[in-house]
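*Asks:* Sequence:
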Amino acid sequence: MTAAAGCPGGHGVPPRSARSAPVHPTPTWAVARKSLLLPAFWLVTGLLAVGAARMGLFVRDALIEYPVATAVALALFAAYAVPFWFFVAALDYLEREPPLLLATAFAWGGLVATTLSVPGNAAVQNLLAKAYSPAVATAWGPAIAGPTIEEVVKTLGIVAIVLVARAQINSVLDGVIYGSLVGLGFQVVEDIVYAVNAVAAAGRGDDVGPVVATFFVRGFLAGLWSHTLFSALAGAGVASVVVRTDRTLRFRLGVAALCFFGAWACHFVWNSPLLAVDVGDNGYALIAVLLAKGIPPLLVILLLVRAARHREADYYTAQLAALHDPDIATPAELHVLSMGHLRANARRYAYARAGLLGRRAVRRLQRAQARLAVAISRDDAP
1 MTAAAGCPGG HGVPPRSARS APVHPTPTWA VARKSLLLPA FWLVTGLLAV GAARMGLFVR
61 DALIEYPVAT AVALALFAAY AVPFWFFVAA LDYLEREPPL LLATAFAWGG LVATTLSVPG
121 NAAVQNLLAK AYSPAVATAW GPAIAGPTIE EVVKTLGIVA IVLVARAQIN SVLDGVIYGS
181 LVGLGFQVVE DIVYAVNAVA AAGRGDDVGP VVATFFVRGF LAGLWSHTLF SALAGAGVAS
241 VVVRTDRTLR FRLGVAALCF FGAWACHFVW NSPLLAVDVG DNGYALIAVL LAKGIPPLLV
301 ILLLVRAARH READYYTAQL AALHDPDIAT PAELHVLSMG HLRANARRYA YARAGLLGRR
361 AVRRLQRAQA RLAVAISRDD AP
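Numbered according to full-length UniProt numbering, the sequence shown spans residues 1 to 382.
No lab work stands behind these hints, which were simulated from the structure alone. For each residue, glycine too, the CB sits at the ideal point set by N, CA and C. Possibly wrong hints are sitting among the right ones.
To be verified - Derived SDA-like pairs (lysine to any residue); straight-line CA-CA distance at most 25 Å: (1) Lys293 - Pro142; (2) Lys293 - Asn121; (3) Lys293 - Val212; (4) Lys293 - Leu274; (5) Lys293 - Tyr80; (6) Lys130 - Ala103; (7) Lys293 - Arg306; (8) Lys293 - Ala257; (9) Lys293 - Phe216; (10) Lys293 - Asp325; (11) Lys293 - Phe84; (12) Lys130 - Leu102; (13) Lys293 - Trp85; (14) Lys130 - Asn271; (15) Lys293 - Ala103; (16) Lys130 - Ile144; (17) Lys293 - Ala198; (18) Lys293 - Leu258; (19) Lys293 - Ala143; (20) Lys130 - Ser272; (21) Lys293 - Lys130; (22) Lys293 - Ala265; (23) Lys293 - Leu221; (24) Lys293 - Pro273; (25) Lys293 - Val193; (26) Lys293 - Trp264; (27) Lys130 - Ser117; (28) Lys130 - Ala143.
As the list claims (entries may be wrong) - Ranges between beta-carbon positions, derived for each pair: (29) Ala129 - Leu37: 20 to 28 Å; (30) Leu357 - Thr245: 56 to 64 Å; (31) Leu37 - Ala135: 26 to 34 Å; (32) Phe220 - Thr45: 42 to 50 Å; (33) Leu274 - Gly46: 36 to 44 Å; (34) Ala307 - Ala71: 39 to 47 Å; (35) Ala292 - Leu37: 44 to 52 Å; (36) Pro296 - Val152: 20 to 28 Å; (37) Arg348 - Pro83: 14 to 22 Å; (38) Arg166 - Asp327: 34 to 42 Å; (39) Val59 - Asn126: 21 to 29 Å; (40) Pro83 - Pro296: 21 to 29 Å.
Sequences are here, hints too, so could you generate the full structure?
*Replies:* Dropping the structure here:
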């Protein structure tokens, strides 16, 4: 076996997983752990139930007042969430996150964070109006209240996931995934609320026009780098506290605080009147402003995800490499397994040579190798 295969870092150097944030595999006992015994589980369940009831009342009233527009808003933003969900969930190819925890993160963002943020934002904006002026509250209220209230309650959802299933947080990438889904849930439900409010503000009855406009502006122009990215950054900080046990608690809390402040700052800039352009003024200028505000956090998250995926790939492919069994995985297959674009290339090559059956066989092989690597790591986990 070559040096590169025996040591995923290549050329005898330690792998990236040994030189940066570690990967803590989920122990076997945690997979079937009874969360019903945890007080945090019941706290989260209760908060989700209250949030669902409050949001259910809003949807009920909206359906009574604007049945067609509300139904269209629900359908559009539900369809909008599906590809984002699958994209985020697929970020961790080697050790997939439990679907129930992913759903819990999404539900926290959509049900708990949204219903808590509405009165919180209103309270902060009222304080600004009294302390300064209504004009200041109108201009800067969203930039101050939004990140201050919303980022806190969304980050608490990531903390709740840790309290319920700490053993499932085994890398910084997991924090990014759960944070992204909390943000996605918040973003989707908030956009539905905005769409219904836009219908009411238009004063044209049950008209779907404002819903479509809201879907375009908030879903496509703003949605690509909004709450999903902000909460992903905060989630990376929370995960660092859990997995960076090789560092002092002060260091880990510092990283978490830095990530949270980064999420807050990105949200502040996003909501601020800086470089403000009305939708009807200049479409090109609006797109330029959205790009200027949205690309920096997007680049940060992409770099975090890239580094975290490489660390996980190094760790889990090393589990298979240690078997020294080419019948399980050859050095070339290990190299392919470690990178998403190489896995896709292998499936395309198999399709070109053997059609659908070949592509399906390679896909099954890759998933089996990934599952085996995770199983080996869990057997060795404390």
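*Asks:* Which of the stated hints cannot be reconciled with the structure, identified by number in ascending sequence?
*Replies:* 6, 10, 12, 15, 21, 29, 30, 31 and 32
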